[in-house]
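Taken in order, these protein sequences are the chains called A and B.
The opening residue of the first sequence carries number 1 in this note's numbering; numbering runs sequentially from there.
The opening residue of the second sequence carries number 1 in this note's numbering; numbering runs sequentially from there.
Mixed in with the good hints, there may be bad ones.
Note: identical chains are not told apart, hence a pair may lie in one copy or across any two.
[Stated by the list, open to error] Here are the simulated lysine to any residue pairs, SDA-like style, with alpha carbons at most 25 Å apart:
1. K278 to W135
2. K156 to S143
3. K52 to D92
4. K268 to I292
5. K111 to A11
6. K268 to E139
7. K156 to P38
8. K156 to D8
9. K278 to P95
10. K111 to L263
11. K156 to L102
12. K111 to G282
13. K268 to L281
14. K278 to G141
15. K111 to D92
16. K268 to Q211
17. K268 to A73
18. K156 to E37
19. K268 to P38
20. K111 to D296
I should point out that these hints are in silico values taken from the structure, not numbers from a laboratory.
Source: prediction; values computed, not measured.
Number of protein chains: 2
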Amino acid sequence: MSEALAFDLAAYLEAERGRVNGALERAVARLRSTLPEPLAPAAAHAVLTGGKRLRPILCVAAQRACGEGVVDASYDMAAALEFIHAYSLMHDDLPCMDDADLRRGRPTPHKIFGEIPSMEAGAALIPAAALQAWWAAGELGCSPERGAAVVAELMKAAGGGGMVGGQVLDLVGEGQAHDAARLDSLHRMKTGALLCASLRVGGLAVGADEQSLDALGRYGRAVGLAFQIADDILDATSDAESLGKNPSDASLDKSTYVSLYGLDEARKRARAQVTVAKAALGEAGIDSAALISLADFIVERNR
Amino acid sequence: MSEALAFDLAAYLEAERGRVNGALERAVARLRSTLPEPLAPAAAHAVLTGGKRLRPILCVAAQRACGEGVVDASYDMAAALEFIHAYSLMHDDLPCMDDADLRRGRPTPHKIFGEIPSMEAGAALIPAAALQAWWAAGELGCSPERGAAVVAELMKAAGGGGMVGGQVLDLVGEGQAHDAARLDSLHRMKTGALLCASLRVGGLAVGADEQSLDALGRYGRAVGLAFQIADDILDATSDAESLGKNPSDASLDKSTYVSLYGLDEARKRARAQVTVAKAALGEAGIDSAALISLADFIVERNR
């Protein structure tokens, strides 16, 4: 690829994060008007505090790849994915779960707002995400059928077969070694389900055909697994300061890809998933420099 | 009313409970296939253990009142309301919330399955309810637009402006007296939002017009408030054995309608809400012996 054609991922990510954060501000303003006092600030803190915004960025990238340009409402749609992600982080960090003090370099919601408001604000983000996606689908001019498909996709990922199940399997696995198959299935649920949904929601929102939706789903699952392996590698090689959170899984004595396979083999497996992800796009004729660069970014990021 | 024309509420409730329980068994069977091991039994326990099934019964009654007869799928639709109700009870009973050992005369889910699976199975019931309602809407032949309206109604009630907000306001209020306005608004959120949604979901599912939907909503809010006042009266006058749960609010030093107004005035206020509920139906020309009897039942029940 010549220099002139090279995709400037850093500039792309910065611009996308700006528009995603704008959409999240709008979404949280609407949310605040429906949440009572003890919940609103906890939800706002969780949604608005930093973060890579990877899920919304992937959602918008899928809309770009399969549709005809994006508008503000495309980012409003993507905000629904971040609501679900924020819910999962809030619950993950609770005292009865990972009991984390720090997330994205800042105190976790329960440290500031208390355990109950954090737990309930987290749960309230699930229906809020459904309503946000439904509203954005209307703004995008989706048919009710398409809007409902978007909401169903989101709710499936948020449900027990998705991330929540992965979180619980994860905790149940503390102090016991996971075998490789269990680790894969755990991470597919915990991270993969929502990354996969981020892509498919984007595709559904712009009316992508079945073949493209299938390819976006396979890309999302592969990238989700690569993401989790990369997380394990980061946990094994970083300290809390550069990571912005407590390196937790290894210290909690859970199996990780690194403990199971060693650093080199884990890196190899992450890269193999990136290859799978790119191949899925290629097979469906989805030509997106952003999605290709994002897949690389996911294993090469340093936090 | 002559004897021959009198509505046999006891027989009606028994028959309806049977059909609702059948729909809940079907819904839980579907749910089990999507939930991982630690969550599935907790969710099943919460959904299937006893209960008045008031919300689904009201949902079906609204479908009957505004539609043309009911079928199994009408009860499948109603099951989604019980999912949300079960979620709220699971979270209400958690150690960090009310820390209740007993619910419907049986141990609470967290006593059997642990705190984390109960919290997460509870949260997983929210997206499961959305998917259940969407599926049932399809079975009922609803248009995607109508199906989506049903799901949106359900998610609004499940969100922070609905029950969750009420729960948290309730806990924040422990040990401090609520004034009457705050108590009303708390109970409207905590109980009223889901009862109101039960009625409106039923109406939406059968394509009721705006005037009827509005009347069903007003009926639901009034009946919800009457229900909560009746709960306070029951808490003040019953013991755990006849109630099937720990009489909790008074012992936790929260304001109740009884502590605020005394028994007689509380009873009067409950009956006034029943009158409001019936008037709402009358104004919209909704002729339903079941809904009228159910409104009476809600303040006259003994558990």
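Hint check, failures only: 1, 5, 6, 8, 9, 10, 11, 12, 14, 16, 17, 19, 20
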